[in-house]
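If you're matching them up, the sequences are chains A and B in order.
Following the working numbering, the numbering of the first sequence begins with 1 at its first residue and continues without gaps.
Following the working numbering, the numbering of the second sequence begins with 1 at its first residue and continues without gaps.
Keep in mind that the hints were calculated from the coordinates and are not lab data.
A virtual CB, placed ideally from N, CA and C, is assigned to each residue, including glycine.
Check before you lean on any hint, since a few could be wrong.
[Claimed, not checked] Derived DEER-like restraints, expressed as beta-carbon distance ranges: (1) B/122 with A/143: 50 to 60 Å; (2) A/121 with B/89: 25 to 35 Å; (3) A/147 with B/122: 52 to 62 Å; (4) B/101 with A/105: 41 to 51 Å; (5) B/101 with A/44: 23 to 33 Å.
[Stated by the list, open to error] Away from chain A, derived, C-beta distances all over 12 Å, residues of chain B: (6) 95; (7) 96; (8) 99; (9) 131; (10) 133; (11) 141; (12) 151; (13) 160; (14) 197; (15) 201; (16) 202.
[Stated by the list, open to error] Covered, in the sense of this in silico footprint (three residues per stretch, anywhere, with C-beta under 8 Å from a C-beta of chain A), are these stretches of chain B: (17) 16-22; (18) 29-35; (19) 39-48; (20) 59-65.
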Amino acid sequence: MADRPHEPDAQDLPEAVAVSRRRFTPQLIWLIPIVAVLVGGWLAAKAILERGPTITITFKTAEGLEAGKTKIKYKDVEIGLVKTITLSPNRKGIVATAELSKQSEEFLREDTRFFVVRPRITAGGVSGLGTLLSGGYIGIDIGKSREPRRDFVGLEVAPIVTGEEPGRQFMLRADDLGSTDVGSPVYFRRVTVGQVVATALDKDGKGVTFTIFIQAPYDQYVTKETRFWNASGIDVSLDSSGIQVRTESVMSILVGGIAFQVESDSLPAPPADANTIFTLFSDRTEALKRADIIVDKYLLVFDGSVRGLSVGAPLDFRGVTIGEVVRIGVSIDPKTLVFRMPVEVKLFPRRLAARHFTGGTLAPLESEDARWRRMKQLVDHGLRAQLRSGNLLTGQLYVALDFFPGSPKVTIDLAKKPPEIPTIPGTFEELQETLTGIVKKLDKLQIEEIGGDARKVLASLDETLKGVDVLLKSVDAGLVPDLRRTLDTAAQTLKSAEGTLKSAEGTLSSVSPLQADLQQTLRELNRTLTAVRTLADMLQQHPESLIRGKPGPAP
Amino acid sequence: MTTMTAAQAGFMSCHACGLLHRPVGPAHDLVCTRCGAALHTRKPDSLKRTWALLIAAFILIVPANLLPVMISGSLFGSETDTIISGVVYLWVDGSWPLAAILFIASIAVPFSKLIALTYLLLSVQRRSTLAPKQRTRLYRVLEFVGRWSMIDIYVAALLTALVQFGGLMSIQAGPGAIAFGAVVVLTMFAAESFDPRLIWDPVEATSGR
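So here's chain A without its partners, still in its complex pose:
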């Protein structure tokens, strides 16, 4: 064996060891494909079961969309993927076909909206910034309708407010857009409570309709009495009450905005229904001024000038503005050629009712005729309109309604529309009239005649004075020499009196013997008095000496 290594003998090979046959089941290997089938089948089944509805969305442009990449997201959760993008048959837009996940079936309602979320930078804020790098996606706003739908028309701009946000929508009508735009805030007491959702030009081109959304719970503050106004910009107004500057916030100055408020003294009203149409006023003052549903028109005819009265000037009843001037015109009576100034005013009767405090009140009148009849009664009681000066600096006038019981009786002609409220001259006008009257009276005086008379009087006075002068001269010539003589005599008399007086003085001088005698007498008297004092002293000390005599020296 060893010498023939190249020809190995079969017998030299080791014998394989036999072991008992294991019950080997080669079928076990088939478990692998079975498992693979199960896994694959499960994946396939999952894919098929999870496959949701396929929808088509029409957009104007495919900007930002990419087939196979663009997702459909709801609350940033991916619920679908755009599969294909094709041009629409009429080439006016594109049709994106998207596959949605299973659970999104119920999202596809009649009023569900799709929109492309793109980066959007407005003055009011920045949104969709994430899409700047990741590319746009399609957002969905789930509708409330029950009707299912599969083909949609996508919005070009993401809606500001989505359907699930609690709150209500309202419509505002305005003359123009102003600086308000979609996304502009809506303020209530300067708190941002909503947004402008849409703006649209009216079909007749005569105005603009805003759609605003007020978030819950603020929507409850929108009542039927609520006034909306444009809060954008700075509102500077000059009227009879002076200059007023009003702004809402710096933000609203920049981006515009709408504010609303219920006039503080209006009647409580129920919350407005969704989609109620309100009027958007141009500013706050106007909005709150017109806080009235009932508007009555009256005509006031003034005889004098209405300079200083402007459209919009207040109609005032004892300090409460209850209306405003709408129109100022001129009328002429063709026969007499007398010009009069008719002024049309709006009167809001509810304003007085709203200020009602306590005590009795008049029942609110719904019909216009009834209110006019009431006005007639009031006029019978002396209600009159009067022009008054509101601001002395600017000369603005306002119309005051007040009771003037003493005024002459006038009755309203209710057949005329609008009815005319009688007027009485205003205080200023009255003053003017009075002054004019005085001037006229002055004018009537015959000043020239009076002047002539006065001149005559003066001439006679002059003559009289001349007579007096002559008289005085004669007095001077006749009387004065006698008077001088008399005076000379008097002077001599006085001189002799002076000599008499001098001799008297000599008599009384110190060297005269009369005075020397007098001095000696006085000295004597002095000595006597001293002796008397000595005697008195001794008597005081020795009263007994009066009887016993002067005592001797002490022992």
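With chain A held as given, fit chain B onto it using these hints.
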């Protein structure tokens, strides 16, 4: 070609240590005297096992290519990539060599491997005598190249481990990666369980006749 084969001579070699044995009897399982490994002239149930693994691979290659292999999430949304979308992305991006590597390793190789194995199995089953040498070489290439298909899985696994920055960016392996890995492993097993000697059996039989 009249070559004597061990099988014709009634011998069998140990698969583990290569020791040649004489069979004892047909009714028993045999083990190697030296290393104790099971002995058989041909790999037992080679065709069945290969078929089973191959079918499993065929099934799994479908989700492997349809499901995302990699889910990369970043600040700006998440993106899922299947194998083919990765290739397309690289190609469009201009990285043609990378795209080619990925394509060959992840798509061309697994598919060609499956097809080649199917062909080998069918040819063996039909006892084809056509070009046995080429077929054997094909088998050798298959066995060698099979593991390189794992390149995609490696990339996915590496990125998954490395790129985890929370919300900023993160990469996760998708379900496709599991299926793809399973395909690669199954084809490797299938190639392993295939006994290339079976290619030659019909050749020997016809030439020996």
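Quick rundown of the hints versus the structure:
1. Checked against the hint of 50 to 60 Å, the pair residue 122 of chain B and residue 143 of chain A passes, with Cβ atoms roughly 58 Å apart.
2. In this structure, residue 121 of chain A and residue 89 of chain B meet the distance hint of 25 to 35 Å, their C-beta atoms being roughly 30 Å apart.
3. For the hinted restraint 52 to 62 Å between residue 147 of chain A and residue 122 of chain B, the CB-CB distance of approximately 57 Å keeps it satisfied.
4. Separation of residue 101 of chain B from residue 105 of chain A is about 43 Å and conforms to the stated range, judged on CB atoms against 41 to 51 Å.
5. The hinted range of 23 to 33 Å is satisfied by residue 101 of chain B and residue 44 of chain A, whose Cβ atoms lie roughly 30 Å apart.
6. The Cβ of residue 95 of chain B sits about 19 Å from the closest Cβ of chain A, beyond the 12 Å cut-off, so the non-interface label holds.
7. The claim that residue 96 of chain B lies off the interface holds: its Cβ sits roughly 22 Å from the closest Cβ of chain A, which is beyond the 12 Å cut-off.
8. No beta-carbon of chain A is positioned within 12 Å of the beta-carbon of residue 99 of chain B; the least distance is around 18 Å.
9. For residue 131 of chain B, the requirement that its beta carbon stay farther than 12 Å from each beta carbon of chain A is met, with the minimum near 28 Å.
10. With a cut of 12 Å on Cβ distances, residue 133 of chain B stays outside the contact zone with chain A, its closest approach being about 26 Å.
11. No Cβ of chain A comes within 12 Å of the Cβ of residue 141 of chain B; the nearest lies about 24 Å off, and the non-interface call holds.
12. With a minimum CB-CB distance of about 22 Å to chain A, residue 151 of chain B clears the 12 Å threshold, and the non-interface call stands.
13. Distance check on residue 160 of chain B: its Cβ is at least 20 Å (rounded) from any Cβ of chain A, clearing the 12 Å threshold; non-interface status holds.
14. Non-interface call for residue 197 of chain B relative to chain A: holds, since the shortest CB-CB distance, roughly 18 Å, exceeds 12 Å.
15. Interface exclusion of residue 201 of chain B from chain A stands, the closest Cβ pair being 19 Å apart, more than 12 Å.
16. Chain A leaves residue 202 of chain B outside its interface by the beta-carbon criterion, the shortest separation being 22 Å against a cut-off of 12 Å.
17. With 4 residues having a beta carbon nearer than 8 Å to a beta carbon of chain A, the segment 16-22 of chain B meets the requirement of three or more and the stated coverage holds.
18. Figure legend: the segment 29-35 of chain B, annotated as covered by chain A; annotation consistent (6 residues with Cβ-Cβ distances under 8 Å, at least 3 required).
19. Figure legend: the segment 39-48 of chain B, annotated as covered by chain A; annotation consistent (4 residues with Cβ-Cβ distances under 8 Å, at least 3 required).
20. Coverage of the segment 59-65 of chain B by chain A holds. Counting CB-CB distances below 8 Å, 4 residues qualify, and the rule asks for three or more.
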